Amino acid sequence: MAEIPDTIVLKRDRYLAKRSKELWVRRTLFLLLTAFIVAALANVFGQRSSTSEMAVPAATLTIHSPTSLRSGLTFETRLRIIASQEIKDAIVVLSPEWIEGITFNTIEPSPVGEASKDGRLSFDLGHIPQGQTYSLYLQMQVNPTTFGMRTEETQVFDGKTLLLTSRRDVTIFP
Amino acid sequence: MDIAIRAVVLYVFVFLLMRLAGRRELSSLQPFDLVLLIIIGDALQQGLTQSDYSVTGAMIAVGTFAALQVGTSYLNFKFKRLRPVLEGYPIVVVQDGNVIEANLKRERIAVEELAQAARLEQIASLDDIAWAVLETSGRISFIPKKSS
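For the protein sequence lines, the chains are A and B, in the order given.
Following the working numbering, the numbering of the first sequence begins with 1 at its first residue and continues without gaps.
Following the working numbering, the numbering of the second sequence begins with 175 at its first residue and continues without gaps.
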């Protein structure tokens, strides 16, 4: 037999004694990687939009927006108010979780007025006749350093009267 | 601060990815592999510094990678027990002209690839090899039989 090269240990490097677990570690890592990719395909990490709906006798609010996001992503949120009864002065109030660490690139159509309502963002949409729908499009972007879980609250008022409150959980992955 | 954290996370991810890829992929860089490397680098960069174009940001990212690399090699040098995890051990694939099929299969290397690597070292026949060792770097080192 040829002379064994220096530092080569036959038992370990030729017969791979006690090295079977290396293979299993590699297989486990591969499985984890596959699971990660499958989870991504299954929208676990965003950014497919989902629709949530909240209905009361006076109005129905649907929010079409992703619930899983990633830092830096540009996305669209669509708020739709269907007035079952006439809403004389529709106001949408968004909790700070909607805006903190997230940039509003544009809002279409522009609200009649914007204000801070007890630390929350208030959009005055004006009059919505009975049976009509008001759609508000918000083009948004997650700031690169933003991540974590949050609950976004949306309220619809008719003047000072609260019509409905909707909450949705959003996860922002780093 | 978050650039440093991102750098650590990405370093660990790439490290695990390289360990997962195995030595075969590391040793045989085809043109497509090179393109893939560039794409991986580009994808990593976006997650690493994102919209930070500052010199400070770049220094933090590069500095963290350098520190992690030095730290890893130090741990590998200092603690023998960590070697199988951090670097692994070499694997003998030819002994006395006999190809060790089980070891080749484990590293997903075909005999033809082994013969090709031998030819690159001016060894025409695998029978002429005393030892062929798949090193931790992914390269195969050949020790020819001594001519009598």
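For the record, the hints were derived by calculation from the structure and aren't laboratory data.
Don't take every hint at face value.
Straight-line alpha carbon distances no greater than 16 Å define the calculated EDC-like cross-link-like pairs of lysine to aspartate or glutamate that follow [claimed, not checked]: (1) A:Lys160 to A:Asp89; (2) A:Lys117 to A:Glu97; (3) A:Lys21 to B:Glu261; (4) B:Lys319 to A:Asp89; (5) B:Lys319 to B:Glu281; (6) A:Lys117 to A:Asp169; (7) B:Lys319 to B:Asp270; (8) B:Lys320 to B:Glu281; (9) B:Lys279 to A:Glu22; (10) B:Lys320 to A:Glu97; (11) A:Lys88 to A:Asp158; (12) A:Lys88 to A:Asp118; (13) A:Lys21 to B:Asp176; (14) A:Lys117 to A:Glu86; (15) B:Lys279 to B:Glu261.
Keep in mind the model is a prediction, meaning the values are calculated, not measured.
Against the structure, the hints:
1. A:Lys160 to A:Asp89: holds (9 Å)
2. A:Lys117 to A:Glu97: holds (14 Å)
3. A:Lys21 to B:Glu261: Judged against 16 Å, a Cα distance of about 15 Å means the pair holds.
4. B:Lys319 to A:Asp89: violated (93 Å)
5. B:Lys319 to B:Glu281: violated (24 Å)
6. A:Lys117 to A:Asp169: The given pair, whose Cα atoms are some 22 Å apart, is violated under the 16 Å limit.
7. B:Lys319 to B:Asp270: Within the cut-off at roughly 8 Å; holds.
8. B:Lys320 to B:Glu281: violated (27 Å)
9. B:Lys279 to A:Glu22: With a Cα-Cα distance of about 14 Å, the restraint between Lys279 of chain B and Glu22 of chain A holds, given a limit of 16 Å.
10. B:Lys320 to A:Glu97: Distance ~74 Å between Lys320 of chain B and Glu97 of chain A Cα, so the pair is violated.
11. A:Lys88 to A:Asp158: Given pair Lys88 of chain A, Asp158 of chain A holds - Cα atoms ~6 Å apart, limit 16 Å.
12. A:Lys88 to A:Asp118: The hint is violated at about 22 Å.
13. A:Lys21 to B:Asp176: violated (35 Å)
14. A:Lys117 to A:Glu86: violated (23 Å)
15. B:Lys279 to B:Glu261: violated (20 Å)
Of the hints listed earlier, those the structure fails to meet are numbers 4, 5, 6, 8, 10, 12, 13, 14, 15, in rising order.
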